[in-house]
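So the sequence lines, in the order shown, correspond to chains Z, V, D, F and H.
So for the first sequence, this note's numbering puts the first residue at 1; every next one is plus one.
So for the second sequence, this note's numbering puts the first residue at 1001; every next one is plus one.
So for the third sequence, this note's numbering puts the first residue at 2001; every next one is plus one.
So for the fourth sequence, this note's numbering puts the first residue at 3001; every next one is plus one.
So for the fifth sequence, this note's numbering puts the first residue at 4001; every next one is plus one.
Honestly, the hints are just simulated from the structure, not real lab data.
Note that beta-carbon positions come from the ideal geometry of N, C-alpha and C, so glycine has one too.
One thing to keep in mind: the hints can contain errors.
Claimed, not checked - For the chain H half of the interface with chain Z, some residues (derived, Cβ under 10 Å), not all of them:
hint, residue
1, Val-4510
2, Ser-4511
3, Leu-4513
4, Asn-4514
5, Asn-4515
6, Ala-4518
7, Gly-4519
8, Glu-4520
Said to hold, decoys possible - Straight-line C-alpha distance at most 30 Å; calculated DSS-like pairs for lysine-lysine:
hint, chain 1, residue 1, chain 2, residue 2
9, H, Lys-4347, D, Lys-2053
10, F, Lys-3013, F, Lys-3085
11, V, Lys-1030, V, Lys-1152
12, Z, Lys-65, H, Lys-4417
13, F, Lys-3012, F, Lys-3032
14, H, Lys-4535, D, Lys-2191
15, V, Lys-1097, V, Lys-1030
16, F, Lys-3153, Z, Lys-164
17, Z, Lys-136, D, Lys-2026
18, Z, Lys-143, F, Lys-3153
19, H, Lys-4535, D, Lys-2278
20, F, Lys-3024, F, Lys-3012
21, Z, Lys-143, H, Lys-4509
22, H, Lys-4384, D, Lys-2157
23, Z, Lys-62, H, Lys-4417
24, Z, Lys-65, F, Lys-3148
25, D, Lys-2053, Z, Lys-129
26, D, Lys-2157, H, Lys-4473
27, Z, Lys-129, D, Lys-2191
28, H, Lys-4509, Z, Lys-62
29, V, Lys-1101, V, Lys-1030
30, Z, Lys-164, H, Lys-4535
31, H, Lys-4418, Z, Lys-65
32, V, Lys-1027, V, Lys-1097
33, D, Lys-2278, H, Lys-4546
As the list claims (entries may be wrong) - Sample of chain Z residues lacking proximity to chain H, with all beta carbon distances greater than 10 Å (derived):
hint, residue
34, Gly-2
35, Leu-3
36, Tyr-34
37, Val-61
38, Met-92
39, Met-117
40, Lys-129
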Amino acid sequence: MGLFRWSQSRSLWMMHFCTGCGAVEMPPTMTSRYDMERFGIIPMATPRQADILLITGYLTVKTLKRVVRSYEQMADPKYVIGFGSCTINGGMYWDSYNTVKQLDLYIPVDLYIAGCMPRPDSIIDAFVKLREMIAKGEANGWKRYRENLEWYRTNQAKVFNVEKWSAIEP
Amino acid sequence: MVSPILAIVIPLAIAFLMPFFSALSRKSVKWVFLAVIAFNFYAAIMTFLRVLSGPILVVTAGIKPPFAINLLIGPLGGLLFLLFEGVAFLYAIFLLKAEIKEPVHRFFMLFLLNVAGATGMILTGDLFNLFVFLEITGISAYGLVGFKRDKKGLEGGVKYLILGSVGSTLFLLGVALLYSQVGTLNMADIAGRIWMLKKPTLYAAFIMFLVGLGVEAELFPMNAWVPDAYEGAHDTVTAILSTVLSKAGLYALIRVVFTVLSPQKAFLDLLLWAGLITLLLAELSALRQKNVKRMIAYSSVGQMGLVVFAFGMGSLFALQAALFQAVNHVLSKGVLFLSLAIMGKKREGLELENLRGIGRELPVTGLLFSIGALSLLGLPFLSGFWSKISLLLSTADLKLWVPLGLVLLASIIEAFYYLRTIGVFYTGTDFRFRETAFIRLLPVLVLVFVILYLGFRPGVLAPYLKGAAKELVDRSGYIGWVIGGLKP
Amino acid sequence: MVILEFFLVLIGITALGLLYGGIARKWSARIQRRYGPPFYQNFLDVFKLLGKKNTKSHGVMFALGPVIAFTGIILSLFFLPLGNSRPLLSFEGDIFVLFYLLVIAPLGMALGAGEAANPNATIGIARGLTLMLGYELIFFLSAIAVMVKFNTASLWKIVEIQGTFPKWNLFPFFLSAFAGLIALQGMMGEKPFDLIVAPHEIASGPMVEYNGKYLGLLQLYHAIAIVVETGLFVNVFLGGGSILTFILKTFFVFMLAVTIDNIMPRFRIGQAVKFYWKYPLIISLLGILVVFIWR
Amino acid sequence: MNGEMEILEKVKKAFGEKAETAPKWERQSEIKVPLELLHPLLGYLRAQGFGHLAMISCVDWIEEGEFELVYHLWSYEKRLHLLVKTRIDRENPTVETIIPIFRIAETYERELHEMFGIDFPGNPNLTPLFLEDWDGSPPMRRDFDTRKYVEEKYGMIDLTKELWKREEPVLEGENGED
Amino acid sequence: MTFWVIASYFLGGIVAYVLARPSRKIGAFVALLFSIYPLYALIPALDGGFYLRFTVIPYYLHLSFRLTLLGWFFALIAATLYSLSLFSAYSEKRDSFFLLSSMFSAGGLMGVFLAADYLTLFIFFEIMAFFSAFTFIREHRRSALKYIIYSLVGSYAFLAALLVINRSTGSLEITPLSGFGGSVPAVMSLFILAFWVKSAVMPFHPWAPSAYADSPHSYTPFFSGALSKSGVYGLVLAFFYIFAGFFKSHHAFGYIFAWIGALTALFAGIYALLQDDAKKLLAYSSISQLGYVAFGLGLGTSLSITGSLFVALGHAVFESLLFFVIAAVYIRTGTTMLTEMGGLIKKMPISFIALLFGIIAAAGIPPTVGFPGKWMLYEAVLEKGYPLLAGAIFAASITAFLYCYRLIYSIFLGPLKKEFRDVREAPFPALVPLLLLLIPLLFFGLFPGYVVDVTDSILREFGYLGVPHTPAKLLSGLGTFNGLAVGITMGAAFVIAFLVHAVFSRSRKVSELNNYTAGEVAEGVSMHYVADFYKFIERELHGFLKLRVEALFNWIAEGIGGLGEVLRRVYAGDIQAYLVYLILFLGFLFTLYRGVLRW
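So that you can see chain Z by itself, here it is in the shape it has in the complex (with noise of 0.2 Å):
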């Protein structure tokens, strides 16, 4: 199986979920300054084909239902980046009525990248480090999430505010 896992980590198709104001930095990182075709990344216009999952900002309540939604459309394996930090635990939105907190309670996320919206050669240090996860095995959040779904949709389900939430098989 060590073909496909090379294969897995050297060609990652990327579809960028532009919640917050990270998505601005996404396009020098796709052109000539900075290139991440260069490591088998390419940009992908649907949940279907795509490999990683970049959530580029903070979260509302109202994007995050579409964001798990689209998560449930990508195939395994799948990986998540949260971008910035109000990914990680809010950034300055951290006391607002709206916006998600810990996007690691909701979708299992494989990597985060600190910085309010981090520089382009940031990111590409992400998906270098993203690589060697891939590689040894590590960036496993898919089998995290299909392992303890039920936490998961107890999670989703509070902040939706119904007693149960399935994505979309009803």
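Got chain Z sorted already, so can you dock chains V, D, F and H onto it with the hints?
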């Protein structure tokens, strides 16, 4: 052996006795009428069976022709005689159930006069006698058309009266012209001496006869009265008018042109084109006609034009086709008008709109109407088809390409409005099944049976058609019968 | 033996296609002054996709779509001469058969994407089919000029007639070849005609619902399709020669298409079809006129 | 300045002393008016050329137990900014919708309904705008304690404690030292 | 024997009419039995080709029948299609009048194929035209009338031609016209007009879309699949048997007819793209396929004639298959509008498979019956060296591919509508025609040789040499096509692809909503992109699409109607007017005979 003369005399006599019968009992009038027509029908059958072996000469008042009035019945006369009496008999049955406005006995008197006159026209051998019978049928027809005394009936009746009388006076002028030149009134005699007339008088006589009889035979300029009269008249009257009377007028015209005035090229061409124009004009004006009865009236005028066109061609095969077409026209029009009468009872007006879906309400009548119409259009394996095909074959034989095209165009137009009508009859959802009394359906059934029978075995009529055509074509034979050694 | 030879050809062509894809991405990156992925990146992509688990399917037809697409393109390999080596079934079908076989693959993909009931996919398919109305006709007209001149419909015979370099069809039929090139651009879905997969507008068109191994299969199909389509053009216009020259020629034609792809913006679908019915149509008709005058 | 005075005079004349008018800033003045005069005034002003309703804001005077609704009107011809202020009760705040006068008001009223809990009878679309699945009391009211809500809903992260521990060990090497 | 082939239809029609009154199922079943007999009688009849002449009606005219190979070829197609359509009619529970008129129309068609002289041909042509219109005159009077008038114009033109031929050659037998007096082109154009109209080739096609769309769904396969073949039969007879001399000597006529055929195929294909009603779409597709046939006949080489006969057979197979599927879908969903359907693959899988094979054949993809015919046409046009014609035909076959996909996508793929939640697969009798038609669809695709055997012997009768072929392989001067080889390789390729697919991890079926909106579909919003599917093409071709030949015919009809309106006034005058007419006529007669009367 029943002498055909009785078929004329008895109806005339009974007609005048009608008031007494109605005095006896109101209901008996219908049955008496039926009895007389039945007798006529019987006489017609007997003569029809004998006529093929040889023509029958009946002399009145004992004196030998050409001095006395004589009746001469060749295959042509026999065929038409049977046709008229048969159709009249069916109408009589149909009338048993029809409601007729008071006074009923006068209606039946006029009807009897009409049938007697028509029979007389086709049997007589004397020109003046022809005029007399033309007058009898004419006057009784004017009465019948206006019998309902409603606005449409009166209007139609008056128009028919005026045009009819103008026509018959012109015919009388023609007869007088001939009499002054030839000195005799017997058709065969005139035919024998026609060479004596100079060309102008011959043509003048022809013009008089053409216009005179054209009114009755519904040719183009003279047939303007037809739609109003047919629409206004009581439905059985329309039926008898369109089938019996128009054929009688046609017979008179043909007899005069072919036998009396010798069928010259100029005459026949005029007949041909007059017929063609009548056909086209009638079909075209029927296209946008919303009232079904008036539409069928136009179609019957058109068909008459077609028959005259066929006679106008003059060849032996053409005449046979024309006669066969005339027979089919009688059958189809009978079916159409009678079934329309039955439908008329179920709905108030006869407009196309309020007859929508009648075919589903009266399935049998609808089916019969469709068969009658389709036979007229020339659906194969119906009698109309064979006559139309033979007519077109004869047109092609005479290399008349333009008329062929026009006839085909006319039949396409005819197909359009008949199928539109049938389509309208059958649209709409299923209504309650309310079929009419069987006695009223019987005549229509008989006519449709004849259409189907002729459709599958047209050969039955072939000998009669051949004989009639031969009778028209060789005038000397006709003259020979009357003047020569034929014993009465 | 024939089966072994066929498998060799199949794997070889697939590898070739993926290689072309990798080099094309490297070449486009270079044009945009960036390094771009390693040339074997396409291989990695395919392996990653085939290794995906928990792929989602919308039904039998959805799963069969890529399979039929793959079948169609494998089938056309049977009839495509590679350089001077006769194709396996050259006696069994000629260029018209090949034209109709090339239609099976888009049909398969369209049926699969249709089952996915995603409006993006259907709009992509509608665009693809409409575009086909444009380029197929032009390619046919340019090929028919050659066929009428040599009075043959067998692709193998056309290749034989051309022989070596100076006798290519490119020079006598220059107009038809030029029109053929424009049609090829549309056939391969390169910009300005990449309306089918327009990522910005309809999120990669018909492939929007495909994930995991289905997408891998479609990548393999796309790879072979590149070689087959350019191969068809090469056989008709750039003549025979050994397999190596065939590879070089197809590579060069493909690189030409990729360069144009990097420069041109994208047509609207209405414009694209109208464009095809204007200029390339006139050029190919002129090409045919030339054949008539020349004959 | 003359434009402003002229319009305020007109309003004074039209609505009597109930409408207190006072110029506030250069090109901006305010009109305080009781609730029942609100709609006629807005209609009148619209007729006077104040066609643009820029915003409806609400001030929570919790001490007086009232909400103050401020309708910001702007006129393109006069280039004037008018603030129409009115006071409504805080317990059950209901104001008839002004959609018949200004169609745009639907979204503003929807937001006020969501954030302040003001009811606008006649507004067809008072569904939640930003706060989907919201269960708390309207958040913009001053008596809403944000900190307590966040603590109970999302679980407050006490930033003062040391770095939030993750299960896996933090890798030495690359980014360990900075 | 031939008599009973035709008579059993008419007899069956009457018996079915009577029996269907009490219960429609028995009526349909009996009709089916009566339609099986001709099929049973026709198949072995190939060797006993004989001449049967009998005078049904002893009146100067007689009906004579003869079993020719060409007649047998088409009669067999028509008989099979008709009995299949009765299967579908059985499940549609059609009423008695429909059974009568459809049986009579089938009888008429048989009569056309087996007629030995022009008059019999004309008679049965009329019967077929009238009764096929009666099947749907009740529900859709307007389109039925339009159909009857077009076919009447055609058949009366044929009648005129028949009369002219009879006039000059004296006999009505269908024999090649050698010494012929009158102007042949005029007679020939009149002669083929009837068949031109019947095979719905442009410019005489306006009746076809409304007629095919409105005729009863179970009857349309026979209507479009077999009735149009009477037109093809007539054209083949006219071009290669009766007027063969003229046709061979005047190439221009053939070339023009080939262009008309090609343009018909192309334009009908484009119109088919833009229809929203499945029946109308298939109607235009049927016209397009007949355009191919006309193209083949126009070229006139032995390869092109075999090609067009093969396309005629193919059209009969896959077009009727498509119509049968629409009929089956209609039974369950009650609509044929593409915009109202969607996602039926989940509920009606068998119909889906049948439609899939149908559209593969309609698009002409190799292993099916649609391809060999087209292939031969391409070879023929290439042999003749007309590249533009080849281009037009190829463009037409691309449009075929386009509207085929639209058909299968709008009905079966895409999201399932709520009201079709509980739809079951079509009833078994409606499925029988689908499954039975799949057999010839694949068999003649893999082994085209067997069909070419028959067409070769037909061509030999007309003095053409056939197409060199083996049971599976067709050879033409320029290229080869081996149906079996292509079929086998396709199977092998499919196995390889399936293995590649199956090797990797299994996939999990996902709910239907889990795509574009991830499960959040708002009420009443349909994600089915089907209305205006090819709007881009329509926008480009807008100017061209507006001009329709139908407008010309409607204008003529209006003209005649207007004339009728004017003339009607003649009869609506009052009595004075009538007298004026009389006097004018007298005056006219006197002036006419001025010369004779000398005044």
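Comparing the hints with the structure gives:
1. Val-4510: This hint holds: Val-4510(H) lies near chain Z, its Cβ roughly 8 Å from the closest one there, short of 10 Å.
2. Ser-4511: holds, 6 Å
3. Leu-4513: Leu-4513(H) check passes; min Cβ-Cβ to chain Z is 7 Å, inside 10 Å.
4. Asn-4514: At 5 Å from the nearest chain Z Cβ, Asn-4514(H) passes the 10 Å test, so the hint holds.
5. Asn-4515: For Asn-4515(H), the interface hint holds, since the closest Cβ of chain Z sits about 8 Å away, which is under 10 Å.
6. Ala-4518: holds, 4 Å
7. Gly-4519: Constraint on Gly-4519(H) satisfied, holds at 4 Å.
8. Glu-4520: holds, 8 Å
9. Lys-4347(H) with Lys-2053(D): At roughly 29 Å apart (the allowed maximum being 30 Å), Lys-2053(D) and Lys-4347(H) satisfy the hint.
10. Lys-3013(F) with Lys-3085(F): holds, 18 Å
11. Lys-1030(V) with Lys-1152(V): Measuring from Cα to Cα gives roughly 26 Å; hence the hint holds.
12. Lys-65(Z) with Lys-4417(H): holds, 27 Å
13. Lys-3012(F) with Lys-3032(F): holds, 11 Å
14. Lys-4535(H) with Lys-2191(D): Between Lys-4535(H) and Lys-2191(D) the Cα gap is close to 22 Å, so the pair holds against 30 Å.
15. Lys-1097(V) with Lys-1030(V): holds, 10 Å
16. Lys-3153(F) with Lys-164(Z): holds, 16 Å
17. Lys-136(Z) with Lys-2026(D): holds, 28 Å
18. Lys-143(Z) with Lys-3153(F): holds, 27 Å
19. Lys-4535(H) with Lys-2278(D): holds, 19 Å
20. Lys-3024(F) with Lys-3012(F): holds, 16 Å
21. Lys-143(Z) with Lys-4509(H): It holds: about 20 Å lies between the C-alpha atoms, which stays within 30 Å.
22. Lys-4384(H) with Lys-2157(D): Holds, because 19 Å separates the two Cα atoms, which is no more than 30 Å.
23. Lys-62(Z) with Lys-4417(H): Measuring from Cα to Cα gives roughly 29 Å; hence the hint holds.
24. Lys-65(Z) with Lys-3148(F): Measuring from Cα to Cα gives roughly 23 Å; hence the hint holds.
25. Lys-2053(D) with Lys-129(Z): Satisfied, since the Cα-Cα distance of roughly 23 Å is no more than 30 Å.
26. Lys-2157(D) with Lys-4473(H): Measuring from Cα to Cα gives roughly 19 Å; hence the hint holds.
27. Lys-129(Z) with Lys-2191(D): Violated: Lys-129(Z) and Lys-2191(D) sit about 35 Å apart, past 30 Å.
28. Lys-4509(H) with Lys-62(Z): holds, 28 Å
29. Lys-1101(V) with Lys-1030(V): With Cα atoms ~13 Å apart, Lys-1101(V) and Lys-1030(V) stay inside 30 Å; holds.
30. Lys-164(Z) with Lys-4535(H): violated, 44 Å
31. Lys-4418(H) with Lys-65(Z): Judged against 30 Å, a Cα distance of about 26 Å means the pair holds.
32. Lys-1027(V) with Lys-1097(V): Between Lys-1027(V) and Lys-1097(V) the Cα gap is close to 11 Å, so the pair holds against 30 Å.
33. Lys-2278(D) with Lys-4546(H): holds, 20 Å
34. Gly-2: Answer for Gly-2(Z): holds, closest chain H Cβ roughly 17 Å.
35. Leu-3: holds, 13 Å
36. Tyr-34: Tyr-34(Z) clear of chain H: closest Cβ-Cβ about 31 Å, beyond 10 Å.
37. Val-61: holds, 15 Å
38. Met-92: holds, 30 Å
39. Met-117: holds, 27 Å
40. Lys-129: holds, 28 Å
Hint compliance for this structure: hints 27, 30 are broken, all remaining hints hold.
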